[in-house]
Amino acid sequence: MFDSLTDRLQDVFKRLRGHAKLSEKQVQEVMREIRLALLEADVNFKVAKEFVSQVQERAVGQEVLQSLTPAQQVIKIVNEEMVELLGSKENAVNFSGKLPVTIMLIGLQGSGKTTAAAKLARHLKSKGRSPMLVAADVYRPAAVEQLKVLGEKIGVEVTGSANQKPLDIVEKAVKAALKAGHDTVIIDTAGRLHIDSEMMQEISQIKKRFKPQEILLTVDAMTGQDAVNVALAFKEQVDFDGIVLTKLDGDARGGAALSMRAVTGKPIKFASVGEKLEDLEPFYPDRMASRILGMGDMLSLIEKAQSAYDENKAAELERKLRKQQFTLEDFLDQMQELKKMGPLDQLLGMVPGLGQKMKGVSFDEGQMKRVEAIIQSMTRDERVNPNIIGASRRKRIAAGSGTTTQDVNRLLQQFKEMQKLMKQFGKLGGRKASRAFPFQM
Amino acid sequence: MAQGDKKEARKDRKEGKKLEREQRRAARRSSEQEFLRETGEAAGELGEIDEAALEAEALGYAAEEAAAGAEAQSEASEAEWEPGAEVEEPAEPEEARKGWLRKLREGLSRSRTGLTMPLSRALAARRFDEDFWENAEEILISADVGLPMSVEVVEAVKTRLTALKVKEPEEALQAFKDVVAEKLSVGETGIKFNPDGVTVILVVGVNGTGKTTTIAKLANYMHEQGKTVILAAADTFRAAAIEQLEVWGERVGVHTVKHRPGSDSAAVAYDAVEAAQARGIDAVIVDTAGRLHTKVNLMEELRKIKRIVERKVPVTEVLLVLDATTGQNGLIQARQFKETVGVTGIVLTKLDGTAKGGIVVAIEHELGIPIKFIGVGEKMHDLLPFDPTGFAEALFS
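Chains as they are written, first to last, in our numbering: chain A, 1 to 441; chain B, 1001 to 1397.
Simulated from the structure, these hints should not be mistaken for lab results. Predicted, not measured: the structure shown is a model, and the values here were computed from it. For each residue, glycine too, the CB sits at the ideal point set by N, CA and C. All clues given are correct.
Label-pair restraints from in silico Cβ distances:
| no. | chain 1 | residue 1 | chain 2 | residue 2 | range |
| --- | --- | --- | --- | --- | --- |
| 1 | B | 1310 | A | 167 | 47 to 53 Å |
| 2 | A | 373 | B | 1228 | 53 to 59 Å |
| 3 | B | 1190 | A | 198 | 30 to 36 Å |
| 4 | A | 179 | B | 1237 | 32 to 38 Å |
| 5 | B | 1310 | A | 372 | 40 to 46 Å |
| 6 | B | 1237 | A | 387 | 44 to 50 Å |
| 7 | A | 153 | B | 1148 | 41 to 47 Å |
| 8 | B | 1366 | A | 391 | 53 to 59 Å |
| 9 | B | 1300 | A | 404 | 21 to 27 Å |
| 10 | B | 1314 | A | 181 | 56 to 62 Å |
| 11 | A | 282 | B | 1148 | 33 to 39 Å |
| 12 | B | 1251 | A | 276 | 28 to 34 Å |
| 13 | A | 97 | B | 1188 | 57 to 63 Å |
| 14 | A | 172 | B | 1194 | 48 to 54 Å |
Let the hints inform the model, and build the full structure from the sequences given.
Listed below in structure tokens is the structure:
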């Protein structure tokens, strides 16, 4: 399994405790580790080399900041450079120009164009646009049907038929879109190999004739070293405006994103992060950087914790924890604070070292909602002192929260165990325990 | 839609598509196919496809390097999207960022050829020094072999060369090919048939690796070998997956067992086996929905399909379809699928592109899963039995 970069760097830095500056040799050792991490993440080896030498230039002779350990400092530099390279701002779709705005998706077979097209249509529809999907994949069996089924699900009109030429399909579609009052046309093209010149010609022709405002290259996040060849070939032969990175819900580190951005200079505009048609996100360079480095997104986590967590509340909670006065009320509070930060599995994935271990553990957000409902169905007294909850109160709480008495029992049981745990925690010595509390920064 | 209409539409589509596609691509394909069939013996011809690839790339690079316009154009398109999004950011860091991006890109274009450098060129140095070994390692890495495995291969070659006192670069190249081929000759490559009853082949993989197409090719391959085959459309999740398999089934001339979209995939597989038993058919190939190996429930579903089928007959083959463009994640995928359903073989698809699929070296070495077939195109005949020697040749060409 991949070691996280943080762990590796920490190893290297163990040997340089107490140094005020990073020496060249130390930096080199560190750079080697970074290069390894990049290669493991499928960053193209040339890109990795160039990237590391850039980082090295910045790192040599830097003074170790007092607030950071050397490891943190190098990671900070790497992170900054990578975020910059990945594109430091959101890249919106270009909607200027003649109506209908035409967006064309291109890419290799199996990169996820059809699904991405539907997701994009849904995304744009939710933003108030009126999109139409065009199925211009006349080669793969049932590709047109696939898009039609997806279109139906999201309530977007789909045109296209398998026994026409792609060029004609698009021509008709654009006319039909204008007539029907659609302001956006999304063209799903057939998957093609970048070395198949005839097939590449086909999309060039579509481009020439219809001048799409956006041509998006769809790329699988699992792509390896070949990503650069693919991206360059598509750039030279067709040219595109941005990249859609798909299948990011897997555990691939996605170094292809960095490679492609580096060799083509094209921004990554969207990330597809799940099976559902809502699972299309704008691209976040900072998250991607941490992911490529395999080190969890600590920066985002800290930021999220800071923005979501009220400092006074944290202090109060800490006091209660120490005095073992933690009630269900506080529990509910904490859960709500946590929820403000984002989906739980995403949060845990951000914790360095935990990301790998949590793999395969799926979180049931529904469970959390049920727990919340149960606590909310309790009276204040019950929340502060759960011991008073007898059989009839349990029945009432279950009915109020739409759960069963078993669910209520389970929660009360779990809460008791938690209190026990906290007692032990408290005994460890209040001061130390509070230091370990993550939201103190 | 009425069943009749659907069939008609499919027929039309099929015919139109066939004609158009075949005409356009026949010329190019025929030479490729021929070459690919002979991958094993005719080492000399191996260069063909890669040459084509290199040519395309060279063209690309040339265009990029010659026409400063291309660069300017890309800058311009960058400029187009940047100002819109940029509101509060000062101009200076923006300049710096661009500078660094350009610098990196220039650095890369200087050594563009290095992105796909064949080992033979690296060997021109005629000296086995640090540079040579570093080059060799990079070639392996660029083929997605992965760093740990690349280091291992290089070390093995080093030892071999010292032992044999090799001086000539050509021999070194041969040593590389041999080492890789040996690592790829772990298990049996053919399809394992069930000696007493229906043979069930379960085809699994992540999304978009080419499972359905591979199944069509495999059905055709077995069909041509005189086996009777039926297909089970157990991908009931993806839109139109059933239709896709059915179209292929018709082309190959085999029956497809299907249920409605969204129905239980294990039930489809079970019914297909039952149908095969009733009709005395040799093999059932089960198409499953693409799933990421990280999705616990979906992996469980796969386990269930296998379990249900095994109430009837043992599953003798579980084929993992792996896309050759996949990088290091391929190893994790293979490990996860092996743990869940006991993968017995790998089909490496999309080798007709520029990706080399080197991750299979690590997979076969580490997990002991043999590669059984390779996919080299979108046609029915574009499936070949895996040949370690040919694959190793291609890796270094």
